[in-house]
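Read top to bottom, the protein sequences are chains A and B. Here numbering that gives the first Met the number 0 is used: the first residue of the first sequence is 0, the next is one more, and so on. Here numbering that gives the first Met the number 0 is used: the first residue of the second sequence is 0, the next is one more, and so on.
Hints were generated in silico from the structure; no laboratory data involved. Note that the structure is a prediction, hence the values are computed from the model and not measured. Wrong hints could be hidden among the right ones.
Stated by the list, open to error - Covered stretches of chain B, as calculated for chain A (at least 3 residues, CB under 8 Å): (1) 86-95; (2) 100-108; (3) 147-155; (4) 203-216.
Where a beta carbon is used, it is the ideal one built from N, C-alpha and C, also for glycine.
Number of protein chains: 2
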Amino acid sequence: MSDRRPSKILALSGGVGGAKLACGLYAVLPPGGLGVLVNTGDDFSHLGLSISPDLDTVMYTLAGVVNPETGWGRAGESWTFMDATAALGGDAWFRLGDKDLAVHVERTRRLRAGEPLGAVTAELCHRFGIAAEVMPMSDDAIATLVDSDAGTLAFQDYFVRRGCEPRVRGFRFQGIEAARPNPRALAWLEDPDLAAIVIGPSNPFVSVAPILAVPGLRDALAQRRVPLVAVSPIVGGQAIKGPAAKMMDELGIRPSAAWVAEQYGDLLDGLVIDETDRDLAAGIHGPRVLVAQTVMRTATDRARLAGEVLGFAAELRR
Amino acid sequence: MSDRRPSKILALSGGVGGAKLACGLYAVLPPGGLGVLVNTGDDFSHLGLSISPDLDTVMYTLAGVVNPETGWGRAGESWTFMDATAALGGDAWFRLGDKDLAVHVERTRRLRAGEPLGAVTAELCHRFGIAAEVMPMSDDAIATLVDSDAGTLAFQDYFVRRGCEPRVRGFRFQGIEAARPNPRALAWLEDPDLAAIVIGPSNPFVSVAPILAVPGLRDALAQRRVPLVAVSPIVGGQAIKGPAAKMMDELGIRPSAAWVAEQYGDLLDGLVIDETDRDLAAGIHGPRVLVAQTVMRTATDRARLAGEVLGFAAELRR
Numbered sequence: 000m001s002d003r004r005p006s007k008i009l010a011l012s013g014g015v016g017g018a019k020l021a022c023g024l025y026a027v028l029p030p031g032g033l034g035v036l037v038n039t040g041d042d043f044s045h046l047g048l049s050i051s052p053d054l055d056t057v058m059y060t061l062a063g064v065v066n067p068e069t070g071w072g073r074a075g076e077s078w079t080f081m082d083a084t085a086a087l088g089g090d091a092w093f094r095l096g097d098k099d100l101a102v103h104v105e106r107t108r109r110l111r112a113g114e115p116l117g118a119v120t121a122e123l124c125h126r127f128g129i130a131a132e133v134m135p136m137s138d139d140a141i142a143t144l145v146d147s148d149a150g151t152l153a154f155q156d157y158f159v160r161r162g163c164e165p166r167v168r169g170f171r172f173q174g175i176e177a178a179r180p181n182p183r184a185l186a187w188l189e190d191p192d193l194a195a196i197v198i199g200p201s202n203p204f205v206s207v208a209p210i211l212a213v214p215g216l217r218d219a220l221a222q223r224r225v226p227l228v229a230v231s232p233i234v235g236g237q238a239i240k241g242p243a244a245k246m247m248d249e250l251g252i253r254p255s256a257a258w259v260a261e262q263y264g265d266l267l268d269g270l271v272i273d274e275t276d277r278d279l280a281a282g283i284h285g286p287r288v289l290v291a292q293t294v295m296r297t298a299t300d301r302a303r304l305a306g307e308v309l310g311f312a313a314e315l316r317r
Numbered sequence: 000m001s002d003r004r005p006s007k008i009l010a011l012s013g014g015v016g017g018a019k020l021a022c023g024l025y026a027v028l029p030p031g032g033l034g035v036l037v038n039t040g041d042d043f044s045h046l047g048l049s050i051s052p053d054l055d056t057v058m059y060t061l062a063g064v065v066n067p068e069t070g071w072g073r074a075g076e077s078w079t080f081m082d083a084t085a086a087l088g089g090d091a092w093f094r095l096g097d098k099d100l101a102v103h104v105e106r107t108r109r110l111r112a113g114e115p116l117g118a119v120t121a122e123l124c125h126r127f128g129i130a131a132e133v134m135p136m137s138d139d140a141i142a143t144l145v146d147s148d149a150g151t152l153a154f155q156d157y158f159v160r161r162g163c164e165p166r167v168r169g170f171r172f173q174g175i176e177a178a179r180p181n182p183r184a185l186a187w188l189e190d191p192d193l194a195a196i197v198i199g200p201s202n203p204f205v206s207v208a209p210i211l212a213v214p215g216l217r218d219a220l221a222q223r224r225v226p227l228v229a230v231s232p233i234v235g236g237q238a239i240k241g242p243a244a245k246m247m248d249e250l251g252i253r254p255s256a257a258w259v260a261e262q263y264g265d266l267l268d269g270l271v272i273d274e275t276d277r278d279l280a281a282g283i284h285g286p287r288v289l290v291a292q293t294v295m296r297t298a299t300d301r302a303r304l305a306g307e308v309l310g311f312a313a314e315l316r317r
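Put together the whole structure using the sequences plus the hints.
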């Protein structure tokens with residue numbers, strides 16, 4: 000009989016913030032110890048290509064090829080294809096770099112040949128030499144729609160083309176009722192080696208909510224036998240990146256880490272909040288609270304936060 | 000009643016050689032006066048993208064964006080996508096440049112949306128500002144197969160991947176029986192303003208033969224009311240570019256301009272041969288023969304040859 004402690008971590012992630020924490024976890028966990036369950040509500044077809052922005056951000060970040068300036072896209076990117084497309088009158092509002100394009104073309108080819116998105120993602124990650132399992136939340140098409148004062152908008156139309164300008168009224172996940180969870184995600188949740196589940200500092204509305212809305216996934220998470228810890232994406236009443244705080248404001252919610260705790264409710268065993276928000280800790284009821292430096296500027300920041308999250312989860316297991 | 004002379008020219012073309020002559024014709028004809036009917040037997044799907052090599056060579060040449068070193072592909076091309084694809088283990092034997100890719104992505108998107116190849120080609124040419132009509136020989140898929148001592152090979156496998164190394168035994172055009180001619184080609188052939196038809200110095204086996212093999216096209220050409228002139232692609236027993244002479248040799252044919260006359264047979268009213276082959280003129284029976292400088296190294300060479308071809312066709316109309 001082995002007394003080896005369970006050591007695997009399943010992280011839930013949207014784009015940049017979740018990818019950074021996943022990268023920290025990847026650095027401190029043994030090979031094969033990290034699974035990343037990724038939002039695909041942002042996925043869309045553009046110029047006839049199948050684009051999965053959050054999967055790519057996680058993949059590029061773990062592979063160490065991400066653009067360090069932006070946190071998404073590829074380092075040392077060039078834009079010859081995009082310029083040639085624009086010169087022909089094609090859409091250029093969603094920028095596809097020449098290196099990035101290699102992934103979109105290969106993904107599109109495989110999906111059209113009938114491979115599920117999960118298998119395509121696994122193959123791409125394998126080719127990038129990533130020793131973690133990156134999984135779409137579902138192999139089925141799900142599209143986040145933004146109800147706004149400019150009407151109902153496809154997510155990338157809202158997010159990229161309109162730069163999050165319209166005031167949001169709510170969100171819908173088209174196709175979610177019929178979607179099945181990625182089977183590998185369920186396998187991770189049932190793995191006896193699983194030690195904890197971590198919701199990264201991703202947008203609660205459009206990155207985490209779609210994952211939790213996939214039928215079967217929230218139930219499987221609710222029935223977990225391991226601690227679930229979230230890292231608040233709201234620091235000092237602001238989002239580190241992206242429109243989360245703006246969305247809350249437009250929805251009449253005062254942006255705070257306390258709201259994040261409410262949002263995830265019963266799912267949450269622990270919440271990691273930033274040192275800036277230390278004073279909020281006493282007012283958060285339900286989950287245990289860890290105060291840490293959650294803003295990740297360097298690889299060291301990521302690894303340290305990952306270490307603190309793992310230690311926190313280990314405490315919660317006792 | 001107008002005594003205006005008919006002034007339109009329909010050119011048949013494969014890749015580089017035919018494109019150069021088409022470019023010369025384009026330079027000397029009035030806007031809208033040139034139609035180019037292009038081989039699509041080389042077309043194939045690569046990395047999930049729909050590639051039409053001869054259409055692109057003609058389009059890039061007429062648009063003035065062709066790579067002047069190679070005669071195909073785009074000038075000032077970069078290869079970031081190709082390198083990124085190769086780094087992921089993808090096929091890199093057929094080189095798709097970053098600029099070139101803008102055309103393949105747009106063509107693929109439109110074809111998948113149900114547009115016929117002819118309409119897609121017209122739209123691309125419009126965006127490149129080309130005032131000639133470039134037409135695929137058919138909107139239907141036709142694939143040139145090469146029977147060789149290495150077995151039956153897809154054309155690009157033979158031509159690019161294997162560098163024309165295998166010895167050829169014959170050629171087949173898969174899908175040709177069911178293919179319909181591009182309706183615009185038939186409209187050009189019936190246009191009362193059509194003054195002549197010109198077969199460019201393209202490979203008789205794999206560039207011109209597929210066009211002539213499209214059911215209805217050869218008949219329509221045979222029933223023409225205007226002269227048909229071909230420019231021999233064989234000069235001094237050699238092909239200026241490509242494997243035409245090698246193919247003839249392997250098929251037991253002595254490469255010469257005289258054979259070209261035999262090959263096109265009754266279709267031919269006039270044959271343009273190179274000054275190098277002046278001595279062959281007396282032995283060519285059937286078509287009238289014009290001796291000219293057919294090797295096109297400069298824009299001036301192209302325009303001069305085009306002018307000579309037009310003059311020759313005008314003589315044949317008398």
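Going through the hints against the structure:
no., hint, result
1, 86-95, "holds (count 4)"
2, 100-108, "holds (count 7)"
3, 147-155, "violated (count 0)"
4, 203-216, "violated (count 0)"
In terms of the numbered hints stated before, the structure departs from hints 3, 4, listed from lowest to highest.
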